[in-house]
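> Each chain, letter by letter, is given below.
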Amino acid sequence: MTAYLLNLATLATIFGILAASLNVLIGYAGIFSVAHAVFFGVGAYAGAQVALNLVPDVLLASLAGGLLSGLLSLCLALPALRVRGEYFVAASLGLQMLAVTVFSEAHSLTGGHGGLVGIPPASLLGIDVSSPWRFLAVCVGALTLSLVSIAILMRGGFGRGLMAIRDSESAAEALGKNVPALKTIAVAIGCSLAGVAGTLFAFQLAFINVESFTLEQSVLLMAMVIIGGAGTLLGPLVGTLLLLLLPAVLSFIPFIPATEIGTVQQLVYGLAMTLLMIFRPAGLAAPSTGRR
Amino acid sequence: MMKRRTFLASGAATLAAWRAFAQTQSHIVGTLFPMSGSNAEFGTLYTNAVQLALDHITADRMLKSPIELRSQDSQATPQGGAVGMTRLATVDKASYVLLGFTGVSKAAAPIGGRNKVVMINGGGVGPDLATLSPYFVNIIPLANKEVTAILPWLAKEGLKRVALIYVDDPLGQSINQEFAAGLPKQGGTLVGAFSVPPTQQQFGAIAARVRDVKPDAVYFATPIGTQLSQMAKQLRDNGITQQFVTYSVGNLPSIVAQPESEGMIFTGQAADWTSNEPKIKRFVEGWRTKYKAEPVTYALNYYNGLMLFAMLAQGLERAGTPVTGETLLAELMRVRTFQLAGGEVTFDEHASASSAIQISRVHGGRSEKIG
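Protein chains in written order, with the working numbering: chain B, 1 to 292; chain L, 1001 to 1371.
Any given hint might turn out to be false.
[Said to hold, decoys possible] Now the in silico label distances, taken between C-beta atoms and shown as ranges:
#1 B:Val-219 - L:Lys-1292: 35 to 45 Å
#2 B:Leu-109 - L:Gln-1202: 54 to 64 Å
#3 L:Ser-1254 - B:Asn-178: 52 to 62 Å
#4 L:Asp-1055 - B:Val-219: 38 to 48 Å
#5 L:Pro-1259 - B:Asn-53: 27 to 37 Å
#6 L:Thr-1289 - B:Ile-253: 28 to 38 Å
#7 L:Gly-1364 - B:Ile-278: 44 to 54 Å
#8 B:Phe-252 - L:Thr-1199: 25 to 35 Å
#9 L:Thr-1324 - B:Ile-253: 23 to 33 Å
#10 L:Ala-1208 - B:Asn-53: 37 to 47 Å
[Claimed, not checked] When the alpha-carbon atoms are kept at most 20 Å apart in a straight line, the in silico EDC-like pairs for lysine to aspartate or glutamate are as follows:
#11 L:Lys-1369 - L:Glu-1344
#12 L:Lys-1279 - L:Glu-1041
#13 L:Lys-1292 - B:Glu-260
#14 L:Lys-1290 - B:Glu-260
In case anyone wonders, no lab produced these hints; they're calculated from the structure.
The model shown is predicted, which means the values in this text are computed figures rather than measured ones.
No residue lacks a Cβ here, since even glycine has one placed at the ideal position from N, Cα and C.
Work out the full structure, taking the sequences as your base and the hints as a guide.
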């Protein structure tokens, strides 16, 4: 039981980082991206390649994953500077589809559909951190660092600028905010953190392929942020815990027949999300007054 | 008066204790199949097969301790596979898990290997599954063996020019390589190999390219049943009248039932539903009675998967050896050859099965053995 709970807790912290990183885009900057799984994937592949070909150091691999994702996020930032709202959603959808094709076809980098297998156990500065407890500690450390960084950034002028853009881009521009620069930085920060989460994910699963970085994953991430509470620090974490752990909790219900387990889980899952959006439209962690 | 919280706590403790007691008395076998989403058809089929095998094992009193099945929904994703396998190995303490799908298998294999759980694949046929883990057992012949079996048949039928439509994954790549290398030896030619992404559902453009290369037969290599269904339908709609050929995925009920599959040839491990051999006859009759449908080879694989467990555990029980993943694997590698429903199955040093391959044709919404 302990190993199972540790596995779930580790995945929850990894997806917590990922949801928090998307929250920088959606919640604070108002950039609705449906391509966040792409940067999760870029980080995962970059980290896995470092681990497979250089050294399985989780810090080095995370830096590589985060940096590469941050750099490639400029592909997303460029359309973000030109379009807004639903037009940006369409642009990011295009990027997501493009990336899945690249992940599937770039065999030498991604292993194609077969993926990358045998990712070695993680170490940190020469210390073995592959045991479930140690790796969870590494992931919790990364999550804490991510949340503290986001909190500090959002309390300062940068964060206020982003929130001004989110509430009214034209008004922010009229007040002298450098909208393109702020948006670019927000996208780069969010995608870098997604890359770090991707690297941790690769170490945790020891296997990655394109199936983990699809549009469905991007939509799930968006749901985590919105259900938890976009634009709040802890909202994405609450959303992650709910969406990631609810299926696991439901699997403990003993009277569901084996052939119906998936259907019942999906029904309960969908119903819970619908009810939450009806009764808590601003998200679970958002203040009930609707104030962010 | 007992407080409600105390009452609930003691109730939970009793339940946990009973569960622990029951586990020590039973053989825990897990299933890790997709039970939701677009691949749920596979999961339901596989689970039905496992349940039929359980009925037969129980009826025959093959084991002293009963088998207890625990199911997890893999959602056909690597993450679902990893979470489900961890749950089965560490919470349910399963010693033997039946699973399918390449991504799920690759994510589950290291977890199962670490926890010494024997994993049985009866659905994925990618050759890269052969060496995932010492505890990973393929009870289904891998796809490259199926291609080797169809090549002489193509030559015999005079189908020398073959066009291949394949998903660019290890399965598709291996089939492409087998055709490129094997067809010339039979006097044939691979006139075109068209790779498609697994999400593609529109094949009008592919049909035009297939028509251009003037093949005698079109071979489909996709592990996704819904995609195969669309390939067959859209190629027929676009006027491709040539012979369709595929591997064991063609045996899915939804494929066999669709009109555009009429005449399609597919390979698969030998399974003659009309045979009077007692084991296969019992499986076929049991399936028809219980599920009011025709059996398919995927179901046979998972039926055999649980039957294999019963045979291994029976041997261990008789020898007074505890039934664990470690002892089950040792018993498998010691015996190697088993008489399962459908014929004799032999496992090689990588615990991958080799068995006779048969060729079937879809006719009137049913499959019939032709070779």
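> Does each hint fit the structure? Answer for all of them.
Here is what the structure says about each hint:
{"no.": "1", "hint": "B:Val-219 - L:Lys-1292: 35 to 45 Å", "verdict": "37 Å, holds"}
{"no.": "2", "hint": "B:Leu-109 - L:Gln-1202: 54 to 64 Å", "verdict": "27 Å, violated"}
{"no.": "3", "hint": "L:Ser-1254 - B:Asn-178: 52 to 62 Å", "verdict": "56 Å, holds"}
{"no.": "4", "hint": "L:Asp-1055 - B:Val-219: 38 to 48 Å", "verdict": "40 Å, holds"}
{"no.": "5", "hint": "L:Pro-1259 - B:Asn-53: 27 to 37 Å", "verdict": "51 Å, violated"}
{"no.": "6", "hint": "L:Thr-1289 - B:Ile-253: 28 to 38 Å", "verdict": "30 Å, holds"}
{"no.": "7", "hint": "L:Gly-1364 - B:Ile-278: 44 to 54 Å", "verdict": "50 Å, holds"}
{"no.": "8", "hint": "B:Phe-252 - L:Thr-1199: 25 to 35 Å", "verdict": "33 Å, holds"}
{"no.": "9", "hint": "L:Thr-1324 - B:Ile-253: 23 to 33 Å", "verdict": "28 Å, holds"}
{"no.": "10", "hint": "L:Ala-1208 - B:Asn-53: 37 to 47 Å", "verdict": "42 Å, holds"}
{"no.": "11", "hint": "L:Lys-1369 - L:Glu-1344", "verdict": "18 Å, holds"}
{"no.": "12", "hint": "L:Lys-1279 - L:Glu-1041", "verdict": "25 Å, violated"}
{"no.": "13", "hint": "L:Lys-1292 - B:Glu-260", "verdict": "19 Å, holds"}
{"no.": "14", "hint": "L:Lys-1290 - B:Glu-260", "verdict": "17 Å, holds"}
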